[in-house]
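*Asks:* Sequence lines, in order, name chains A and B.
To convert, note that position 113 of the first sequence is 113 in the working numbering; the numbers rise steadily by one, no gaps.
To convert, note that position 24 of the second sequence is 24 in the working numbering; the numbers rise steadily by one, no gaps.
Simulated from the structure, these hints should not be mistaken for lab results.
Treat the hints loosely; a few may be bogus.
Stated by the list, open to error - DSBU-like cross-link-like pairs, simulated, lysine-lysine; straight-line CA separation at most 35 Å:
1) A/Lys106 - B/Lys57
2) B/Lys13 - A/Lys68
3) B/Lys57 - A/Lys42
4) B/Lys57 - A/Lys68
5) A/Lys106 - A/Lys68
The lines below spell out each chain.
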Amino acid sequence: KQEVTQIPAALSVPEGENLVLNCSFTDSAIYNLQWFRQDPGKGLTSLLLIQSSQREQTSGRLNASLDKSSGRSTLYIAASQPGDSATYLCAVRDPMNRDDKIIFGKGTRLHILP
Amino acid sequence: KAGVTQTPRYLIKTRGQQVTLSCSPISGHRSVSWYQQTPGQGLQFLFEYFSETQRNKGNFPGRFSGRQFSNSRSEMNVSTLELGDSALYLCASSQQGAIDTQYFGPGTRLTVL
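Work out the full structure: start from the sequences and follow the hints.
*Replies:* Shown next as structure tokens:
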């Protein structure tokens, strides 16, 4: 059974610093992995989608990497800003699970200190 | 393009009642998925519809059901509400489903008293 873990559950970082968020999954046979951010009480905003054949994706100050063999993905945020404060979730699409579900981690709550 | 919309945004019900939530996907998207988010369990997949057919289903009891219309709009129904059904219900749309980026709506906050 696929499990997705995000450690740490919460993180505080001074403004301007670069940071890395981690996501690990137990079964490497995935369709893709997606990173989202969620602001309090709101829906999810898609940040980056990495297909299983890709190693990384970049969008602005964000870079996501995928290492299927080790079951890991990282989200790198450069030059952090207070507006980056949110909960970041990763999710994997798991074809080995016969129901082909998308499975989410519990998220990392990020707080950027002004 | 307009984003994913969900109605209503907030709902208060009592135990035993039933509720219907609505989701309108981004124009041109044929896949709609539903999720339940609670503080304890996080985000859990409910089901996915594609071209009016349920394609996938999560591990939820039969009280949770859904459907999709020919215009891709989707509804989710929960019958015989329980206190534990209190949650944020999110829907997401994508063009094809599995390999595409999912775009989420703002959610419906359901409170069961």
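*Asks:* Against the earlier hints, flag every one the structure doesn't satisfy and list their numbers going up.
*Replies:* Of the numbered hints given earlier, the structure breaks just one, which is hint 2.
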